[in-house]
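Protein chains: 2
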Amino acid sequence: MNTTAERLKLLRKYMSAQNNAALIIPSNDPHFSEYVADRWKTRAWISGFTGSAGTVVVTDNAAALWTDSRYFLQAEEQLKDSGITLKKLKVEGTESIEDWLKQQLPARSRVAIDKNLYSIAEFDLLKKTLAPLYLAPIDDFFDEIWSDRPGLPFEKAFILDKEYAGESIGSKLSRLRETLGKHSSSYIYPITLLDEIAWLYNLRGADISYNPLTLAYALVTPEYAYLFINQDKLTFEDKKELEAEGVTICSYSDLGKTVKCHNKERFCIFNPKKTAVGTFEILEEAGFDLAEDCNPNGIITSLKSIKNDTEQQGFRKAMLDDGVALVRFQRWLEQEVASGAVTELSAANQLLELRSQSESFVGNSFGSIMGYKEHGAIGHYHATSDTNAVLRQENFLLLDSGAQYLDGTTDITRTIALGPVTKQQKKDYTLVLKGNIALSVIHFPLGTCGFQLDVLARQFLWNNHINYGHGTGHGIGHFLCVHEGPQSIRVDNNNTTLEEGMVLSNEPGVYRPGEYGVRLENMQVVIKSGKTGFGEFLQFETLTLFPYDKKSIDFSLLNREELEWLNNYHNMVYERLSPFLNAEEQKWLQQKTENQLII
Amino acid sequence: MNTTAERLKLLRKYMSAQNNAALIIPSNDPHFSEYVADRWKTRAWISGFTGSAGTVVVTDNAAALWTDSRYFLQAEEQLKDSGITLKKLKVEGTESIEDWLKQQLPARSRVAIDKNLYSIAEFDLLKKTLAPLYLAPIDDFFDEIWSDRPGLPFEKAFILDKEYAGESIGSKLSRLRETLGKHSSSYIYPITLLDEIAWLYNLRGADISYNPLTLAYALVTPEYAYLFINQDKLTFEDKKELEAEGVTICSYSDLGKTVKCHNKERFCIFNPKKTAVGTFEILEEAGFDLAEDCNPNGIITSLKSIKNDTEQQGFRKAMLDDGVALVRFQRWLEQEVASGAVTELSAANQLLELRSQSESFVGNSFGSIMGYKEHGAIGHYHATSDTNAVLRQENFLLLDSGAQYLDGTTDITRTIALGPVTKQQKKDYTLVLKGNIALSVIHFPLGTCGFQLDVLARQFLWNNHINYGHGTGHGIGHFLCVHEGPQSIRVDNNNTTLEEGMVLSNEPGVYRPGEYGVRLENMQVVIKSGKTGFGEFLQFETLTLFPYDKKSIDFSLLNREELEWLNNYHNMVYERLSPFLNAEEQKWLQQKTENQLII
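Those protein sequences? They're chains B and Z, same order as listed. Counting in our numbering, the first sequence tops out at residue 1322, every number present. Counting in our numbering, the second sequence tops out at residue 1322, every number present.
Just chain B, same shape as in the assembly (with noise of 0.2 Å):
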C-alpha cells in the first residue's frame, strides 16, 4: 500500500467515527493567504498533489482531486495509483463537487469540512448547492491523522519603521475607527486577513513564503486594538512600541476568550467573505448583532491599497534597486549564456543573487518565471530539475521576477531575445509593447474602473487575432503581497474604481504555445493629472526602471507618440540607474537605452 493509500485509510477512519460520509479538503489555511505554511498544506499531504491549487473529496470509498488546466500533468503523475481520481475543471463532462458528491451519497449524509479553511459567504453558497445532502462545518481535523504535521510556523516578526510605512498604527488605528463608527458607536471588528493585520499594525513578518506576513489576527473596538499573535515572535522593543501605540498584544489563540469579555450589546461588523465559519461561529454564540461591512473589497484593503507618500517614495527607491539588479543580471546572461552553462534555474538563482546585494533586499516577492523558449509560453511556469532548460543563443527568454525590498515590492517582466529575432517574435513583441505603452500613457476621469481600461493593453493584439488568458493589471501591495485588491485591470468587471496612490502592474502578453511567450510588466502608480470643466482626472507614472529589448522591436510599427515615450523611458531608466553602476554597466545600459531616431 502507498503512501497516500494510507493515508487516506486514516483520514476514513477519522471520518466514519464522527459520523461524516464524506471530507472537502481544500488547499486554504484559516486567513486565506495566497501561500500557505507547510502546517496547512493538508490536501497534498493527504493526496500526494503537490500544486498550488485543487480540492480534494473523500467519500468512503472513492475520492477525487479537482484542479485546473495548469496542473492537469503534474496532477495525473502525482495521483498514480493513489486511488484519487483527477476531475479536470473547465473541461466538458467534468462534474461539479457538488454533483459528484449528490452521485456518490444518499440525501441528508453529511459532508464535513473544516471550518476555518472556508468563509462564511462561501459555506453559505456551498450549503446552498450541496442540499439535499448535510454540509457540517467541524474543527480541523488533521491533527488527530497527521502525526509529524509541522507547527504553526513561528519566525520573528517586527514593526516596519515609519521611515518605510509613512503612518503610524495609531493613525491607520484611528482612520480605521472612523470608518467604522459611521456603521455604530458600539462595535467589534475582527480583522483575519494576514496582510491587512501587517498593514494595520505596521508589523512584517515571514511566516510565509514571499509574503512578508506574521500569522495573527486582529480585533478592534472603539477603545481597544488586539494583536493576537504568538508574543515570542516580537521584541520587547516591538512589543513596547505597539502598546504605546494603543494595541493589546494576546496569544494567537485567544480570540474567541476576547471575544466574550466584550460587551454583548455591540454590533459585530463582519466581512462575510473574508471570516472564516470558525469565526463566525465565536461572533455568533457572544450574541453580537451581527453587521455585513458594507464595503465589500474590507474597509482595511481598501485603506491599505492607497499608498501613502513615503510609500509611493519607496517605490521609487525599491526600483533603482531592483533596476541595478537586472542591469547586471542581463550583462552576465549575455556574457554566460554562449558559455551553455547557464540553465533557467542557475539564471534565476542569479538575479536572486544580485537582488540580494541591496541593503534593504528582503526575499523574492514570487517563484520566478525564467521560462525559456516554449516554456514562456506556459502559464505560471517554474522551472523543476526536470524541465530546467539551457539557455542558448537563440529564441526568446520570459523573465518575471519581483523582489521584497523594506522599501517596497517590486513585480517585472521582460522578454528578452538571446539571439536573432524572427519577424513573427518582432511583431509579436511589438503589439506587446504598443499595449503596454497604452496603457501607460492614458488620462482617466476620477471614478474610471479597471475594467474601463483593459483594451488598451489588447487592442493592438485583438487587432492581428491575438488575445491572452490572464489578467492586465493587479494591485502590488507595499513590502507586503505582491498580489493585492481590491483593484484589477481586467476583462471582467471590477467596480473599484483607481484612485490616486493604488500601485498597479501593466503586463499584456502573447503566448504561442510550444514557441515562446512574450510578457511585458511594468509597475505605476495613480497619480492626480489634473482638473478642467471636463471634471478630475488622474493618470500613471511608470514605477519600474529597465530598458526594453530594443533588438525585438519593430520600429516601423510605433508611431510618432509610441517612440517618443519609447526613448522618454528609456532617457528616464538611464538617468535614474547610471548613478548606481559602474563605468562598464552605465555604457552597457548606455547602449541598452540609446534613443531610437524619429523621423
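Calculated from the structure, these hints are not laboratory results. Note that CB positions come from ideal geometry on N, CA and C, so glycine has one too. Hints may be right or wrong, so weigh each one.
[Stated by the list, open to error] No more than 30 Å apart at the CA atoms, straight line, and that leaves these computed lysine-lysine pairs for DSSO-like: (1) B:Lys838 <-> B:Lys811; (2) B:Lys850 <-> Z:Lys764; (3) Z:Lys732 <-> Z:Lys764; (4) B:Lys1150 <-> Z:Lys1254.
[As the list claims (entries may be wrong)] Residues of chain B placed beyond 10 Å of chain Z at every Cβ, according to the derived structure: (5) Lys736; (6) Gln1058; (7) Gly1090.
Assemble the complex: chain B is given as a structure, and chain Z must be docked to it using the hints.
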C-alpha cells in the same frame, strides 16, 4: 384660477373619493415606450410641463414635479403659478419622491399609481422604498377627469414585406418557441413592448412619433400566437397573411379574456421589467405558475438585436438614400447660409424634405437636433420658435438626425464648420474623430461587451482632460426604434455581449457650454473578423455614408493608420453615393472626399 390649478382640483376630488392620499403620475404609456401617444401624456396634461421626462406627485395639499437638468428652465417656466413645486433631480438637497411623500403623509397612507404604467419590478421596488406608506395599484383614472382626453391612437398598420424583414412571421415564432420550450413544454408568454410585437409579427404602424409602431399586445403559447390590436388598422390581406402564419387576431383589450381561456396549469413566463402590474395581476389571477424569463433583457429583444442578412443589406441601402439626402442638404446649406435666411428650424425642415424624396422614406427616426454654435453644446437640444437661431458663416453646426426607411433606420451626426475654424475647434473635432476611428477599427474576441470598448472612443479626449456625459453607442432597430437594447457601448457595465449582426452607433463628442458642440456619429454593424488559435474575433463594418468636415480636421494630429482609414472611408463614400448624384453633386462630393496626402 389657471388651467393646471383647475385640473389639480379635479384630480384631488377624484383622489379623495377613492381614499387615496397621493397619486404618482409618471411619463410612461402601458407599453413602456420611449415616445408616448397623446392619450398617455397625462403628466403633461395635469402639470402643464411638456418635457419628455418627469414625474408629478400630488397630495391633498401639495404637488411636485421631478425632472432632470435638461428641463430645469422649461419646467420653471411652465410650472409658474401652477401650485406644483419643481424638484431638480441629481441636484444636492433634492429629496426623492419617496422621502417627500413620507414627509407629507402619515404612515400607512395610501399612495396610488396607475397599474398599467409601472412594471412589476418597478412597483416592487417602489413599494419597498415607500414603506411605511402603502402603495396601491389602481386603474387608469384620467378618463374620469380629462374630459377631452384623446382616444387610443388609430393609425394604419401593415405587414412589412419579407423582402425587407428577411424572415417570415412563422420562422420568428418558431425561434421564439424554441427558446420558450427550454423552460417548459407548457407555457404562456405575454408580450407588452410594441417593438417586440412589431418584430415578431413583421408589423409596422404609426401610432407613436418617430417609432413605426402600432398599439398592440401579444401572447404566445406552444400552439397559439395572439395579436391583440384594433383590427380595423389592418387590411384584409394583411389579416389573412397573419392568419396564414399562425397568428390569431383579437381586440386590443382582449388580453385578459384570452389569458383566462388558457389552461391554468401552464407556466407563465414573464419579464418583470417589461410586464405591467395590471398584466401581472391578470396572470396571477388566472392561476399560472409564474416563472421569470431567465433572459433579463427579454427573449425577443435579444433575438431582434441580431439583424439577419436582409436587414443588414437593408441598412446598407438606407444609407445610400440617407447619404444622398445629406449631400444635397449640405450643398444647399453652403449655398444658402450667406443669405441670412436659414435658421435651425428651416434647415431641419429642408433636410426632412430632401430625405422624403426617397421612395422608401417613412419619416424621421427622432426629432432632429440642429444645434448651431452654443446650442450644439446642449444635450438633446431641439430648436423651438423661441430658440431658433439664424445660421451664419461662422462657428459649428451640430446636426444629429435620422430617418425611418422601409429598408432600415438611420442615425447620423456630423459637425460642420460654417465659417473659419479656430485652433481649439479643430483640435476638438480631431480628437472626436480619432475616437470615432478607434472604435471603428477595433477587432475583438467573441464574448466582448460594449463597456470594454467604450474607452477607445474616449481615450484621446481623456488625454486632453475632456470627457462627454453620454454613452458612446446605442443599439438601433431595423425600421424600428432608433434606440434599442440590449447592447450598448457605455462607460457603465452592461453584460450583453456584442454579437454578429448587432447594429450600434459610435458617437463621441465634446461640448463646450456657451461655445459649441462637436459630435461625430456613424452606425456600424458587428461582423465576423476571423478565427485563429487565439479564438474567434469580430469587428465592425461602418454603415453610415457621409464625409467628415475636412476643413475642421487638424491632420497633424492623425497618425498614418488614421489617415489611411479616413481616405478609405471617403473613397467608399464617394464610390457608393456618386452613382445617385448629378454631375454638380458629384463634383461637390468629390471635393469633400478628396484624399489627404500621407507623407
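Hint-by-hint comparison with the structure:
With a CA separation close to 26 Å, the supplied pair B:Lys838 and B:Lys811 stays within the 30 Å bound. Between B:Lys850 and Z:Lys764, the direct Cα distance comes to roughly 51 Å. Violation of the 30 Å bound is thereby established for this hinted pair. Only pairs whose Cα atoms come within 30 Å are accepted, and Z:Lys732 paired with Z:Lys764 is accepted, the gap being roughly 18 Å. For the hint linking B:Lys1150 to Z:Lys1254, the alpha-carbon distance of about 19 Å falls within 30 Å, and the restraint holds.
The non-interface label for B:Lys736 is consistent with chain Z: the shortest C-beta to C-beta separation is roughly 46 Å, beyond 10 Å. Non-interface status of B:Gln1058 relative to chain Z is upheld: no Cβ of that chain comes within 10 Å, the nearest being about 36 Å off. For B:Gly1090, the requirement that its beta carbon stay farther than 10 Å from each beta carbon of chain Z is met, with the minimum near 27 Å.
Taken one by one, the earlier hints fail for this structure only at number 2.
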